[in-house]
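> Each chain is listed here by its residues.
2 protein chains.
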Amino acid sequence: MGIKMRQSFIAQLEELNNKVIKMGSILELSTNEMIDALDTIDVEKAKKIIARDDEIDLLEQQIERECINILAQQQPLATDLRKITSIMKIITDIERIADQCADISEYIIKLSNMPKTKAPADLGNMIEAMKKMVIDTIDSFVEADIEKASAVMEADDAVDKYFDNICKELSDVMQKDPSVVPQSICYLMVIKYLERMADHATNIAEWITFIVTGDLILG
Amino acid sequence: MGIKMRQSFIAQLEELNNKVIKMGSILELSTNEMIDALDTIDVEKAKKIIARDDEIDLLEQQIERECINILAQQQPLATDLRKITSIMKIITDIERIADQCADISEYIIKLSNMPKTKAPADLGNMIEAMKKMVIDTIDSFVEADIEKASAVMEADDAVDKYFDNICKELSDVMQKDPSVVPQSICYLMVIKYLERMADHATNIAEWITFIVTGDLILG
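Chains as they are written, first to last, in full-length UniProt numbering: chain Z, 1 to 219; chain G, 1 to 219.
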């Protein structure tokens with residue numbers, strides 16, 4: 001590759017990186033707002049999150065096209081090639097996590113139309129654990145930090161444990177007081193989405209590991 | 001590209017295509033077996049599906065690596081490049097659908113340990129609609145048939161409608177007879193996975209459209 005071409009390539013890669021980071025910060029915003037909206041059953045905030053989803057979808061499309069263009073124009077090798085193919089995967093996971101913020105927001109709107117019930121006891125803990133995973137996975141991308149990425153992968157078990165606990169609690173609650181079944185179903189769906197968000201954060205962490213080390217951990 | 005290199009490239013692409021088709025047929029097998037296992041709450045079959053998941057994961061890793069190798073060695077352009085980057089996305093969706101067969105199988109095992117209840121009325125219809133989407137999306141990849149792919153995308157709404165109906169039914173059932181709450185929670189999770197399977201089939205259909213037409217429909 002000539003020096004000029006190499007320079008333009010480095011500029012393109014940096015631009016790409018910045019767009020992924022931008023997508024990550026919009027995701028962080030939506031995640032934080034979703035957590036607030038769920039806490040207070042805030043319909044206006046929920047609607048805002050749903051509306052923002054288009055922005056993420058658009059960014060995903062742009063980055064996807066840019067990756068394909070770079071592959072075609074620059075024909076990168078080794079680490080650069082790994083980085084670009086991994087970014088193509090990472091943006092899908094970011095987009096899915098954002099989708100799940102929007103999906104949870106739909107359930108917040110449903111909950112707002114029902115008599116208010118107590119949120120499951122472990123919901124706050126589950127949210128905290130998931131949020132940390134999402135933020136840490138974006139950070140580990142920005143910093144190419146595989147130790148942080150590895151911590152994200154390990155944290156997933158705790159989220160799954162909270163999911164099981166809350167499922168059990170909601171099951172007991174519904175059996176004792178069938179009048180709260182509709183709300184409990186909403187919370188069941190919410191925790192399913194939270195669990196999926198953590199799974200996608202784990203996927204991203206796996207791709208970051210692949211970028212840095214070349215080791216493919218899929219499954 | 002020289003003739004020899006072009007020939008080796010065509011062979012590599014064909015090999016890649018065959019591996020995706022192989023992954024698709026294992027997925028079809030798991031989908032069909034999962035449907036049978038759910039119908040009869042067959043624990044042995046459920047365990048077999050869970051065990052088979054490793055095979056799909058391994059194939060995904062192999063195909064992923066092959067795609068990256070082809071990108072590095074052959075530096076393909078235009079349609080070939082689109083095809084390879086799309087295959088990298090498609091195999092993720094195939095792997096996720098297989099995951100969801102395994103996830104449903106876990107709930108089949110849970111259901112087998114509870115008193116037997118009636119399955120939701122629309123479950124059979126939802127399963128039929130989802131199954132058709134999965135099979136048609138694999139077919140449309142094999143045949144590069146964008147009309148079939150487009151029919152898959154349109155079919156997703158019907159699956160979502162069944163999801164809503166069954167949710168409502170399970171909500172009523174639990175309110176009338178709280179003793180079946182645990183089984184109903186299992187069925188809620190099962191239909192959530194079925195709905196996700198249809199979503200992933202839709203994703204694959206979108207990628208097939210992209211391979212053939214170059215139009216990116218993400219979101």
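For the record, the hints were derived by calculation from the structure and aren't laboratory data. It is possible that some hints are incorrect.
For identical chains, the list gives no copy identity; a pair is met inside one copy or between any two copies.
As a list, the in silico DSBU-like pairs of lysine-lysine whose alpha-carbon atoms are at most 30 Å apart [unchecked claim]:
| no. | residue 1 | residue 2 |
| --- | --- | --- |
| 1 | 45 | 110 |
| 2 | 4 | 118 |
| 3 | 19 | 89 |
| 4 | 168 | 4 |
| 5 | 45 | 176 |
| 6 | 19 | 116 |
| 7 | 48 | 19 |
| 8 | 4 | 48 |
| 9 | 131 | 47 |
| 10 | 4 | 176 |
| 11 | 131 | 89 |
| 12 | 19 | 161 |
| 13 | 118 | 19 |
| 14 | 47 | 132 |
| 15 | 48 | 22 |
| 16 | 4 | 19 |
| 17 | 148 | 4 |
| 18 | 148 | 110 |
| 19 | 131 | 118 |
> Next step is simple, just say for each hint if it's right about the structure.
To see whether the hints hold, each was checked on the structure:
1. 45 x 110: Close inside one copy (14 Å), not across copies (37 Å); limit 30 Å.
2. 4 x 118: Answer is neither: 62 Å inside a copy and 69 Å across each miss the 30 Å cutoff.
3. 19 x 89: Both: 14 Å inside a chain and 20 Å across chains, each within 30 Å.
4. 168 x 4: Neither, since 61 Å and 62 Å both go past 30 Å.
5. 45 x 176: neither (32 Å within a copy, 34 Å between copies)
6. 19 x 116: Classified as neither: same-chain Cα gap 40 Å, cross-chain 52 Å, threshold 30 Å.
7. 48 x 19: Within one copy only: 22 Å inside, 43 Å across.
8. 4 x 48: Answer is neither: 44 Å inside a copy and 56 Å across each miss the 30 Å cutoff.
9. 131 x 47: within (20 Å within a copy, 33 Å between copies)
10. 4 x 176: neither (71 Å within a copy, 73 Å between copies)
11. 131 x 89: both (20 Å within a copy, 26 Å between copies)
12. 19 x 161: neither (34 Å within a copy, 36 Å between copies)
13. 118 x 19: Intra 40 Å, inter 50 Å, cutoff 30 Å: neither.
14. 47 x 132: within (24 Å within a copy, 33 Å between copies)
15. 48 x 22: within (18 Å within a copy, 43 Å between copies)
16. 4 x 19: Cα proximity of residue 4 and residue 19: one copy only (23 Å, versus 39 Å across).
17. 148 x 4: Neither way: residue 148 and residue 4 sit 35 Å apart in one copy and 45 Å across, limit 30 Å.
18. 148 x 110: neither (36 Å within a copy, 35 Å between copies)
19. 131 x 118: within (21 Å within a copy, 38 Å between copies)
Taken one by one, the earlier hints fail for this structure at numbers 2, 4, 5, 6, 8, 10, 12, 13, 17, 18, listed in ascending order.
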